[in-house]
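Construct the entire structure; sequences and hints are all you get.
One-letter residues, chain by chain:
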Amino acid sequence: MLELRRITKSYPGVVALDGVDFTVYENEIVGLVGENGAGKSTLMKILIGLIQPDEGSYTLRRKLVALRDPASATRLGVGMVFQDGSLVPNLSIMENLFLCHELSFRKFGFLSKRAMQEAAYSILALVKVETDLDTPIADTTPEVRQMVEIARLLWLARLYNQRNPILILDEPTTVLTENERQTLFSILSEIKSQASIVLISHRLQEIVENSDRIVILKDGKNVTELEADRASIPDVEQMMVGRRFAADRYHEDEQVEPGDKTALRVQNLSKRGVFEPIDFSVRRGEIVSLVGLVGSGKEAVCRCITGLEKPDSGSIALGGKKLAWGSPSETVRSGIGHIPIDRRSEGLALGMTVAENVNLLVLDRFKVAGLISPSREKRNAMHWIEECRIKSPSSWTMCANLSGGNQQKTVIAKWLSSQIEFLVLDHPTRGVDVGARDEIYRLIRKLTHDGIAMIIMCDTLEEDIGLCSRMLIMKDGRLVREISCPRFKKPSPSEIIGSIV
Amino acid sequence: MVEVKRDGPAKTKETTTVRRKRAGIPAIYFAVMLLLVLVFLFTMGNRNFLSAYNLNTIASYTAILLVVGLGQMNPILIGGIDLSVGGLMSFISVVFVVSLKTIGIWAFPLCIVVALMAGFINGNILTRIKIPSFIATLGTGGILTSLALIVSPLPVDAPPSTYALLEVVNGTLLGLPNLLLLTLAVFALFYVILRFTTVGRNIYYVGSNIRMSWMSGIDIVRTRNFAFVLSGLGAAIAAIMQSCSQYGGDPALGKVYILQSIAAVVVGGTALTGGTGGAINTVVGALILGVMENGMNVVGVDAYFQQSILGLVIIISVALTFDRSKTATIK
Chain A
1 MLELRRITKS YPGVVALDGV DFTVYENEIV GLVGENGAGK STLMKILIGL
51 IQPDEGSYTL RRKLVALRDP ASATRLGVGM VFQDGSLVPN LSIMENLFLC
101 HELSFRKFGF LSKRAMQEAA YSILALVKVE TDLDTPIADT TPEVRQMVEI
151 ARLLWLARLY NQRNPILILD EPTTVLTENE RQTLFSILSE IKSQASIVLI
201 SHRLQEIVEN SDRIVILKDG KNVTELEADR ASIPDVEQMM VGRRFAADRY
251 HEDEQVEPGD KTALRVQNLS KRGVFEPIDF SVRRGEIVSL VGLVGSGKEA
301 VCRCITGLEK PDSGSIALGG KKLAWGSPSE TVRSGIGHIP IDRRSEGLAL
351 GMTVAENVNL LVLDRFKVAG LISPSREKRN AMHWIEECRI KSPSSWTMCA
401 NLSGGNQQKT VIAKWLSSQI EFLVLDHPTR GVDVGARDEI YRLIRKLTHD
451 GIAMIIMCDT LEEDIGLCSR MLIMKDGRLV REISCPRFKK PSPSEIIGSI
501 V
Chain B
1 MVEVKRDGPA KTKETTTVRR KRAGIPAIYF AVMLLLVLVF LFTMGNRNFL
51 SAYNLNTIAS YTAILLVVGL GQMNPILIGG IDLSVGGLMS FISVVFVVSL
101 KTIGIWAFPL CIVVALMAGF INGNILTRIK IPSFIATLGT GGILTSLALI
151 VSPLPVDAPP STYALLEVVN GTLLGLPNLL LLTLAVFALF YVILRFTTVG
201 RNIYYVGSNI RMSWMSGIDI VRTRNFAFVL SGLGAAIAAI MQSCSQYGGD
251 PALGKVYILQ SIAAVVVGGT ALTGGTGGAI NTVVGALILG VMENGMNVVG
301 VDAYFQQSIL GLVIIISVAL TFDRSKTATI K
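As you go down the protein sequences, you meet chains A and B in turn.
For the record, in the first sequence the residue sitting at position 254 is 254 according to the numbering used here, with numbers rising by one throughout.
For the record, in the second sequence the residue sitting at position 129 is 129 according to the numbering used here, with numbers rising by one throughout.
In case anyone wonders, no lab produced these hints; they're calculated from the structure.
Owing to the predicted nature of the structure, the values given are computational and were not obtained by experimental measurement.
A virtual CB, placed ideally from N, CA and C, is assigned to each residue, including glycine.
Among the hints, erroneous ones may be present.
Claimed, not checked - Per the computed footprint, the stretches of chain B lying under chain A, defined by three or more beta-carbons under 8 Å from a beta-carbon of chain A, are: (1) 205-212; (2) 242-252.
Unchecked claim - Short derived list, chain A residues pointing at chain B, Cβ under 7 Å: (3) Val332; (4) Gly335; (5) Glu346; (6) Leu461.
Written out as structure tokens, the structure reads:
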């Protein structure tokens with residue numbers, strides 16, 4: 001179907017891809033995995049013509065092709081669903097479906113809305129979307145958006161008479177809930193009968209479960225290729241990273257018994273329509289995991305604690321001192337840190353250096369005669385770069401140039417340097433590769449040793465269970481269950497999942 | 001370029017490498033190189049370009065542009081813009097000369113305070129009423145321009161009795177013109193604020209990522225107000241400097257500086273999107289514009305062509321210095 005041979009692409013100073021082979025057969029789902037920086041994105045961009053390889057051949061349907069831009073890839077039936085969507089938010093579902101290709105519905109010089117609707121219904125039926133076609137994309141769920149994008153690619157392939165289009169899905173499940181994820185994969189396995197799918201994901205489990213074949217990249221080279229039904233997650237992980245991880249993935253042996261002292265006490269906290277009054281407390285050195293579906297109110301609880309949102313009633317106290325509502329500067333000053341879910345838009349100044357990001361909260365400490373001392377600033381930055389094992393060429397490297405995992409470590413370093421007492425971790429390992437994830441777990445454990453208390457919300461239930469010492473389950477805005485997760489005596493996900501849904 | 005931008009985070013790898021390519025050579029070097037090339041070309045065209053007399057002419061023109069530019073740089077660093085510097089300079093110019101007659105030396109602090117207030121108002125329109133600074137300062141700039149005309153519809157000459165006071169700018173100290181020394185002092189002030197103070201650093205943080213800054217506890221209202229106050233300060237000092245050196249106030253004095261000041265900042269490599277750049281960039285930017293303005297006259301470029309050549313140089317220098325890969329979309 002599609003065959004890439006000996007693809008090489010280098011940028012000044014970096015060889016992104018080094019003689020990589022990649023094949024897609026008809027009617028299959030191929031999983032593509034690798035650490036951040038292994039060359040997955042570069043490979044995908046070459047597939048859809050966004051960038052051109054320095055060397056190597058691109059053969060599609062037994063014909064050698066040279067793609068100049070994504071539009072020519074579209075004409076050949078190769079398309080990509082991007083990580084954060086490429087739809088136009090204020091246009092309707094239908095307008096997005098046919099965007100830029102409306103002319104095929106021309107009748108007597110006008111666009112035939114009826115024809116468009118019919119085509120839209122038939123194509124959306126493939127991905128099981130039954131929403132009003134005139135809904136603006138901004139008002140739809142991420143799930144629908146993704147389906148619309150997939151449908152658009154299928155329709156484009158039809159438009160250009162391409163049998164068996166190739167769909168590339170980049171991290172399709174990050175924005176989806178557990179249920180939606182399952183729906184996505186069941187739809188994908190149906191679409192498989194008329195298309196090939198390239199699946200990129202950091203979640204190895206879904207790759208192993210849902211693809212037919214797995215291609216592993218490491219440092220811009222092919223490592224291996226294996227049949228999915230013979231692959232196990234630890235094997236794949238090992239091949240990605242080049243070393244094996246301990247069975248104790250979440251460093252449970254480092255888990256500390258929380259102290260007696262209460263760090264954070266939440267009393268009667270409520271926000272109308274979002275969550276009902278809740279009470280809980282977190283002790284020093286304790287990791288409390290908030291678990292619940294989207295809409296359970298757990299995110300809002302965290303936003304109230306970090307001061308990003310104002311609750312309607314109740315009190316939040318840190319170390320016995322009551323905190324002001326709805327003022328991040330107040331909460332930061334009293335010692336509450338926040339690792340946000342979206343580090344690019346909420347955690348970092350990407351255009352500034354690692355040192356500047358790490359030092360953000362503690363600039364006042366470097367003052368000599370009222371002015372910031374550059375040497376002290378650098379010393380502090382170097383200290384935390386080392387402490388958090390941030391892999392950066394120098395302290396004045398721009399954050400945008402770091403990999404996702406190192407960016408996340410920079411955010412963590414920023415908070416650590418300011419001597420916080422409490423940390424809210426919002427999906428700390430999202431989009432972080434296996435190696436860096438391990439180091440983040442290690443850091444989290446180390447923090448608890450220093451007595452820092454934490455609330456954590458994780459990407460997967462396993463991660464929640466593995467990391468926390470106590471779990472609070474929220475459902476429909478209420479605290480429904482509390483489960484303790486002492487080390488080496490962790491509950492299994494199946495015991496818990498019932499309370500969540 | 002635009003193609004690469006289309007896909008949000010997925011683009012990282014691409015932009016990273018584009019950036020890496022330029023990372024070794026900071027924007028400022030391109031600007032300095034351009035400046036040197038210009039100086040070289042003009043000297044080839046006319047040997048007198050580097051004469052002491054002509055350098056002095058360039059310096060006094062550049063000095064005023066630089067001082068407004070240094071102010072303007074702050075709103076630009078936070079990702080905003082200050083279009084009211086022109087109106088403010090005009091207003092300060094006439095207020096300065098008129099009040100000089102009555103209150104003498106106190107005209108200096110009066111003008112500074114008025115300008116700081118104007119900047120503070122600009123800041124608050126942005127931060128409290130939440131109107132983008134482009135519109136907000138367009139409005140206040142218009143108001144200030146008409147206030148200047150109300151105070152004095154025509155240029156006013158400073159009465160000879162006040163000439164002694166104008167020596168603050170026109171005099172010399174240890175053989176160096178005060179104008180130059182003042183400019184250096186203003187530069188030092190802005191340099192230190194941006195480089196070595198928390199509030200200055202916060203300007204960069206806010207310009208780079210305002211949401212992150214807010215979530216990290218930076219007072220984003222105060223920081224942005226401060227940036228506009230600094231812009232007012234720069235405009236006021238520049239207006240006083242020019243009024244002194246021409247021995248009179250002019251209600252149209254600021255007009256040319258609106259675009260010139262923005263050009264000086266941007267040509268030096270400070271991004272209009274905020275977060276990158278600094279005082280040294282603005283010095284180089286102002287020098288490029290000053291050298292162009294003067295050099296074209298010295299080598300005898302047709303006056304009708306001058307504007308288009310200047311425009312061309314601005315575009316070229318921004319193309320060289322401004323790291324376009326860093327902005328998601330260019331509008």
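| Whether chain A covers the stretch 205-212 of chain B (at least 3 residues having a Cβ closer than 8 Å to its Cβ atoms) | holds (count 5)
| said: Quick check: do three or more residues in the stretch 242-252 of chain B have a beta carbon closer than 8 Å to a beta carbon of chain A? | reply: violated (count 0)
| field | Restraint outcome when Glu346 of chain A is required to lie within 7 Å of chain B by C-beta distance | value | Cβ of Glu346 of chain A sits 5 Å from chain B, so the hint holds.
| For the hint on Val332 of chain A, does the least C-beta distance to chain B fall short of 7 Å? | holds (3 Å)
| query | At a threshold of 7 Å, is the proposed contact between Leu461 of chain A and chain B supported by beta-carbon distances? | reply | For Leu461 of chain A, the interface hint is violated, since the closest Cβ of chain B sits about 25 Å away, which is over 7 Å.
| Per-residue hint verdict: Gly335 of chain A, partner chain B, C-beta under 7 Å | Hint on Gly335 of chain A: violated, closest Cβ of chain B at ~11 Å, above 7 Å.
Of the hints listed earlier, those the structure fails to meet are numbers 2, 4, 6, in rising order.
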